[in-house]
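Quick note: the sequence shown, position 82, residue 86 per our numbering, numbers continuous.
Worth flagging that the hints you see were computed from the coordinates, not collected in a lab.
These numbers were taken from a predicted model, which means no experiment stands behind them.
The beta carbon of each residue, even a glycine, is placed where N, CA and C say it ideally should be.
There is no bait here: all hints are sound.
Derived DEER-like restraints, expressed as beta-carbon distance ranges:
hint, residue 1, residue 2, range
1, ALA160, ASN186, 38 to 44 angstroms
2, ALA102, ASN186, 35 to 41 angstroms
3, PRO52, THR208, 57 to 63 angstroms
4, LYS99, THR208, 19 to 25 angstroms
5, ARG144, SER225, 17 to 23 angstroms
6, GLU171, LYS90, 20 to 26 angstroms
7, THR195, ASP156, 27 to 33 angstroms
8, ASN189, ARG150, 29 to 35 angstroms
9, ARG178, SER70, 55 to 61 angstroms
10, ASN182, ASN155, 37 to 43 angstroms
11, SER70, VAL106, 53 to 59 angstroms
Restricting the straight-line Cα-Cα distance to at most 25 angstroms, the calculated cross-link-like pairs of lysine to any residue (SDA-like) are:
hint, residue 1, residue 2
12, LYS99, ALA160
13, LYS219, ASP176
14, LYS90, LEU202
15, LYS158, GLU204
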Amino acid sequence: MDGKQSLGAIAERLPSVFLLPPVDLSQLSHSSHQEKSPRISIIFVLSPIVVSVKIVLRAIVATTISLIVVMWVYALFFASKQSINKFEDRDWAKKAQARCLVAREERNLLSDYRVVDTLGLNALNERANIIDAATDTIERFVTEFRAALPNDPKGAELVDLWLDDYEIYIADRRLFANNLRNGVNLPFAETAIEGLPLSEKIATFAADNEMSFCKPPIDLSV
Numbered sequence: 005m006d007g008k009q010s011l012g013a014i015a016e017r018l019p020s021v022f023l024l025p026p027v028d029l030s031q032l033s034h035s036s037h038q039e040k041s042p043r044i045s046i047i048f049v050l051s052p053i054v055v056s057v058k059i060v061l062r063a064i065v066a067t068t069i070s071l072i073v074v075m076w077v078y079a080l081f082f083a084s085k086q087s088i089n090k091f092e093d094r095d096w097a098k099k100a101q102a103r104c105l106v107a108r109e110e111r112n113l114l115s116d117y118r119v120v121d122t123l124g125l126n127a128l129n130e131r132a133n134i135i136d137a138a139t140d141t142i143e144r145f146v147t148e149f150r151a152a153l154p155n156d157p158k159g160a161e162l163v164d165l166w167l168d169d170y171e172i173y174i175a176d177r178r179l180f181a182n183n184l185r186n187g188v189n190l191p192f193a194e195t196a197i198e199g200l201p202l203s204e205k206i207a208t209f210a211a212d213n214e215m216s217f218c219k220p221p222i223d224l225s226v
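Model the full structure from these sequences, guided by the hints.
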């Protein structure tokens, strides 16, 4: 009887998703005059709900993979490769590049490779004067560019903002020079935008528009 009860208890605990043929456990006996007990066949049949869930999951995975493939194909072969900073008036960009080259050559003439410690008591003041003269070369082309912006709307808007950044950078340089005159000889600290030096933002815009000579000088970074 223990065996019969155990088998009955197991049958009762089986999940509803399993279909069992009805079995009369009372007819099972190990008596010698009865025939051998019939074998109990347990058939496992998946519930329609389980099958539906599997189909849905497979469809979701297949759709996701397809979307990823489509996105990569679009990004590699169809998406625009042009920088969001680039504007249409390329003649303006070429003229700006030439003008910034003139400013760079002017700054090269101001180069002073003497060590500050060897210049005497007036060393910081002399360095401040050189920095102001270099800053003047930047300020001049910024003023000229402001007076004649690119002829396309996007270019006019972006260059105007770029020149705004340049004016902040110019003010940072002026402040640094004034601090030197007052005896404050600390590293150049420029305005940061979202944690990045403003000069990097200015330089990125110049590079995206093929105006490499219009990047801010690195004379104060050493």
